[in-house]
Amino acid sequence: MENRELVCVACPLGCPITVTFDADGNVATVTGNTCKRGDAYARTEVTNPTRMITTTVRVEGGSAYVVPVKSANPIPKGMMMECMAEINKASIKAPVNIGDVVIENILGTGVDIVATNYAE
Amino acid sequence: MLNYDLVVVGGGPAGMAAALKAKENGIDSIIVLERAETLGGILEQCIHTGFGLHYFGEELSGPEYAGRFMKMLEGTDIDVKVDTMVLDVADGNVVTAVNKKDGLLKFQAKAVVLAMGCRERPRGALSIAGSRCSGIMTAGTAQKYVNIDGYMPGHEVVILGSGDIGLIMARRMTLEGAKVKMVCELMPYSGGLTRNIVQCLDDFGIPLKLSTTVIATHGKDRLEGVTIAKVDDKLQPIEGTEEYVPCDTLMLSVGLIPENELSKNSGLDLDRITNGPQVDEYRETEHAGVFACGNVLQVHDLVDYVTEESQIAGLGAAKFIKGEKVTGECVYTQGINGVRYIVPQRINRETDTDVKLYFRVGAVFNNARIIVECDGKEILSKKKVKLCPGEMEYVTLKQSVISELPADAVINVRVEA
Ligand SMILES: Cc1cc2nc3c(=O)[nH]c(=O)nc-3n(C[C@H](O)[C@H](O)[C@H](O)COP(=O)(O)OP(=O)(O)OC[C@H]3O[C@@H](n4cnc5c(N)ncnc54)[C@H](O)[C@@H]3O)c2cc1C
Ligand code: SF4
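Chains as they are written, first to last, in the working numbering: chain A, 1 to 120; chain B, 1 to 417.
Worth flagging that the hints you see were computed from the coordinates, not collected in a lab.
Only a predicted model underlies this, so the values are computations on that prediction, with no experimental measurement involved.
Each hint should be verified, as a subset may be incorrect.
Derived Cβ-Cβ restraints for the label pairs, each shown as a range [stated by the list, open to error]:
1) A:77 to B:243: 25 to 33 Å
2) B:28 to A:37: 39 to 47 Å
3) A:18 to B:337: 29 to 37 Å
4) A:77 to B:244: 31 to 39 Å
5) A:94 to B:209: 40 to 48 Å
6) B:2 to A:18: 55 to 63 Å
7) B:24 to A:94: 29 to 37 Å
8) A:65 to B:204: 22 to 30 Å
9) B:232 to A:88: 39 to 47 Å
10) B:131 to A:28: 52 to 60 Å
Derived BS3-like pairs: lysine-lysine, alpha-carbon spacing no greater than 27 Å straight-line [to be verified]:
11) A:89 to B:179
12) B:384 to B:398
13) B:322 to B:106
14) A:36 to B:383
15) B:71 to A:93
16) B:319 to A:89
17) A:77 to B:179
18) B:144 to B:181
19) B:356 to A:36
20) A:36 to B:384
21) B:230 to B:181
22) B:144 to A:93
23) B:382 to A:36
24) A:77 to B:181
Note that beta-carbon positions come from the ideal geometry of N, C-alpha and C, so glycine has one too.
Build out the structure end to end from the sequences listed, making use of the hints.
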């Protein structure tokens, strides 16, 4: 299998990473990363790529229109648009605190959608 | 006249970090003045994650990062006034501000920290032919519409400029169901972080067109389309490469300018390249007791670095107020051969600390060396696999090295490809 050249997106440094594979197609080596997170990122990216999702959710009964939310952990990259559709259907009652769960276990991914700001 | 040891202008991440650091270092009376309704600065609208990995070791969104500092501030006796606009910082560190509740306010400060951040270059700074129809806005304005006001500014989008805000908005608009047709970049390289190209454009198949610009906008009341064209190596549009792209929204992400009206009015000379004040190793400007940090000093891409820089300024202000800050003979820094600028611009020879020199390069370099020299002698060199204009770099000068240099010496930093 050919090498994969990646850019680590786990932090803004964006290290260039090279992944090599053995004869069975399993990851053999990961090089170019500056830290452990980069190694982990590269292994997931070539097997089951994931991404954080950040967006907003409507606020009910508050002075703010929307409150920002994120996935508490990365979700499968291919499910981003499906998750967005789900989040756009949801709303949360004011007052909202950082960390409040807006959607539990979104689409069975095991990941919660949580608020990332206050809203009154 | 109100008396304070330290007055901080701007309550973004820079202002908050500077105030907290000064407090930690024994300064009694501190006030932060912020013209917006809340503290947090631009971070309040940056809802994507990627903040705080260096500083907190966690991937936070903008509001979460700012929220941590607001919590820390609440735990101190630092005064905060929001909805308060600073109008003037005069000689002798007299700060004039205004708000609806108190009217005109005057503060006598021992030291002042300027932390006003930056704003986006508006359309006027570019020359694009076409009428002033609606649908043309900066990416940051669009970001505020979507993330704070919960309102979609358009459905078919072209983005001009590949700065981080533009890249982030390309993803944001796509997630909300808009069609982002392309990002055009005048230069042959992107102005944004590589990670943002990967996860904001590549992930969604949005093309990045390098060496391309928008030469005209079309539409009367609402934007209907734009004409794009390739540019040559002098950045001039090439005839025959024009292409019409239908769209209802054009977002501009063509750079940030430090918000230095206050600094200029107070008589500070601005660095030609950074457009920020010129500072020493503690971020003290040419005016005694006036410090500057964050995006008002140099445009940062990482808030973690803003925090680090602002803590240096906060510590410097504390030392100044306590009469412990070294001032005297200086050495000067200068970026040459590919290095566009250096912050700080000067260093006190007898400084009590190691000093990081921050800089940006003017082009992309692979497998390059950064060389620091004084009087033709190499002081330091550092290998870099990749250097690009979108990313701020630094090298660290040891205190022992600085104290050996003659007064008024010039330290040159350059790239060797
Ligand atoms: C769209 C965007 C995306 C970004 N993405 C990332 C990212 O992914 N990761 C990352 O680490 N960093 C990112 N950054 C960078 C980071 O957010 C900024 O570098 C940081 O917010 C700068 O902090 P600051 O305090 O200097 O400026 P600001 O946050 O702009 O704060 C300045 C404050 O000063 C106030 N002010 C100005 N003038 C006056 C006055 N006269 N009187 C009173 N108050 C005044 C303003 O209202 C404002 O609140 C991003 C920045 C932007 C704009
Ligand atoms: S490898 Fe580590 S340092 Fe490099 S980009 Fe990834 S997370 Fe950041």
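Can you tell me whether the CB distance of residue 94 of chain A to residue 209 of chain B sits inside 40 to 48 Å?
43 Å, holds
Please check whether residue 131 of chain B and residue 28 of chain A have a Cβ separation lying inside 52 to 60 Å.
59 Å, holds
Taking 39 to 47 Å as the stated bounds, is the beta-carbon spacing between residue 232 of chain B and residue 88 of chain A within them?
44 Å, holds
Need the status of pair residue 319 of chain B, residue 89 of chain A: alpha-carbon distance at most 27 Å?
Since the Cα atoms of residue 319 of chain B and residue 89 of chain A sit roughly 53 Å apart, the hinted pair is violated (cutoff 27 Å).
Is 31 to 39 Å a correct range for the gap between the Cβ atoms of residue 77 of chain A and residue 244 of chain B?
At 33 Å between Cβs, range holds.
Residue 37 of chain A and residue 28 of chain B - C-beta distance against the hinted 39 to 47 Å:
Given about 41 Å between the Cβ atoms, the range holds.
Take the C-beta atom of residue 65 of chain A and the C-beta atom of residue 204 of chain B, compute their distance, and say whether it sits inside 22 to 30 Å.
Hint holds: Cβ distance 25 Å, inside 22 to 30 Å.
Agreement of residue 230 of chain B and residue 181 of chain B with the hint, judged by alpha carbon distance not exceeding 27 Å:
With Cα atoms ~16 Å apart, residue 230 of chain B and residue 181 of chain B stay inside 27 Å; holds.
Given the hinted pair residue 89 of chain A and residue 179 of chain B, is their Cα-Cα distance within 27 Å?
Answer holds: residue 89 of chain A to residue 179 of chain B is near 20 Å, not above 27 Å.
Holds or violated: residue 356 of chain B to residue 36 of chain A, with C-alpha atoms at most 27 Å apart
OK: residue 356 of chain B and residue 36 of chain A at ~26 Å, within 27 Å.
Is it true that the CA of residue 71 of chain B sits at most 27 Å from the CA of residue 93 of chain A?
Between residue 71 of chain B and residue 93 of chain A the Cα gap is close to 23 Å, so the pair holds against 27 Å.
Is 29 to 37 Å right for how far apart the beta carbons of residue 18 of chain A and residue 337 of chain B are?
At roughly 30 Å between Cβ atoms, residue 337 of chain B and residue 18 of chain A fall inside 29 to 37 Å, so the hint holds.
This entry does not satisfy hint 16, going by the numbered hints stated previously; all others are met.
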